[in-house]
Amino acid sequence: MTQKNRMAQQFIEALPHAKALGMKLEMLDEGVAQIAMPYSEKLIGDPKTGVIHGGAVSALMDTCCGAAVMSHPSNPHGTATIDLRIEYLRAATPGQRIVTKASCYHVTRSVAFVRATARDEEEESLVATATGTFTVEAKR
Amino acid sequence: MSRPKPEPVQKIKQRRDGVLRALVEGVPYIQFLGIQFERRGDELTGVMPFKEELIGNPLLPALHGGATAAFLEMTAIITLSWAYIWEDMESGALDVTKLTPESLPRLPKTIDFTVDYLRSGLPRDGYARARINRSGRRYASVHVEAWQDHRDRLFAQATGHFLMPGRRG
Numbered sequence: 001m002t003q004k005n006r007m008a009q010q011f012i013e014a015l016p017h018a019k020a021l022g023m024k025l026e027m028l029d030e031g032v033a034q035i036a037m038p039y040s041e042k043l044i045g046d047p048k049t050g051v052i053h054g055g056a057v058s059a060l061m062d063t064c065c066g067a068a069v070m071s072h073p074s075n076p077h078g079t080a081t082i083d084l085r086i087e088y089l090r091a092a093t094p095g096q097r098i099v100t101k102a103s104c105y106h107v108t109r110s111v112a113f114v115r116a117t118a119r120d121e122e123e124e125s126l127v128a129t130a131t132g133t134f135t136v137e138a139k140r
Numbered sequence: 001m002s003r004p005k006p007e008p009v010q011k012i013k014q015r016r017d018g019v020l021r022a023l024v025e026g027v028p029y030i031q032f033l034g035i036q037f038e039r040r041g042d043e044l045t046g047v048m049p050f051k052e053e054l055i056g057n058p059l060l061p062a063l064h065g066g067a068t069a070a071f072l073e074m075t076a077i078i079t080l081s082w083a084y085i086w087e088d089m090e091s092g093a094l095d096v097t098k099l100t101p102e103s104l105p106r107l108p109k110t111i112d113f114t115v116d117y118l119r120s121g122l123p124r125d126g127y128a129r130a131r132i133n134r135s136g137r138r139y140a141s142v143h144v145e146a147w148q149d150h151r152d153r154l155f156a157q158a159t160g161h162f163l164m165p166g167r168r169g
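Residue numbers (our numbering), protein chains in the order written: chain A, 1 to 140; chain B, 1 to 169.
In short, the hints are calculated from the structure, not lab data. Warning: the hint list may mix true and false statements.
Stated by the list, open to error - The calculated DSSO-like cross-link candidates involving lysine-lysine, where the alpha carbons are at most 27 angstroms apart (straight line), are:
(1) Lys109(B) to Lys101(A)
(2) Lys51(B) to Lys42(A)
(3) Lys42(A) to Lys24(A)
(4) Lys101(A) to Lys19(A)
Everything numeric in this text was worked out from a predicted model, so none of it was measured.
Just chain A, same shape as in the assembly:
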């Protein structure tokens, strides 16, 4: 990891909510980010199955999409989520960590467009997909 990425890693992992969920930035490169979240019993949304709540996956997707925007070569000063849609394709397997990968595929002067996917350790099938739009804050 480059110096810039190590700083981004420290920054993201220090966000109180990201820290509470145990998120780890694994990769950050020119508009693409990868963040992992370990399985934890406190994240369970369905007590009968032990499956993680969709909201925890949302938090992971949102953080990963924001990181992708911040790492875009256009070098935005800051960003905030305008809208984020998540599709839950299947239940994440209890006990497995979840890894999200987000790609910021287009940026205008004021809006960034992002797509993301989430997988558990059964890597061949997706757990969830997301599409989002984010603000682009200009440098002052």
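Since the structure of chain A is already known, use the hints to place chain B on it.
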């Protein structure tokens, strides 16, 4: 013709509050975020008291978009499940004397969920209410609104589609 005597108010409250408590306490992620539900008749209001762990941007500071999304999704799911349970709870089909996560119906499953972030979430308590726009045998469509200081100044809203659990029997 004589009408059946109405149930004592305490008995009704005890039953409804007991079922709601069992529903909410069974979900670890609700406990993790610290979300509570207040009930007026069948109307539920989700309350997410502020705590440090919910912060996403320490500079502003602002609530994490993921915490907001989870709060909205949780409010939608509990409101939907509550509406689904209501009839069985009131008719006696659901045994309210022994309530465990196992004896309650399964929770609806989220198919998709779209969140609009209207303004940044301030470091203070948030409230949310869901409206079930359609609830069929298999699918439901729910809209949720969240606010902080002013009911008509929403900081986020969301729409989601849910797969309903199968009816017993």
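Do the hints match the structure? See the list:
1. With a CA separation close to 23 angstroms, the supplied pair Lys109(B) and Lys101(A) stays within the 27 angstroms bound.
2. Straight-line distance between C-alpha atoms of Lys51(B) and Lys42(A) comes to about 16 angstroms, which keeps the hinted pair within the 27 angstroms bound.
3. In summary, the hint linking Lys42(A) to Lys24(A) is supported, as the alpha carbons are separated by about 18 angstroms, within the 27 angstroms threshold.
4. The suggested pairing of Lys101(A) with Lys19(A) holds, with an alpha-carbon distance near 18 angstroms, which does not exceed 27 angstroms.
Violated hints are absent here; each numbered hint is respected by the structure.
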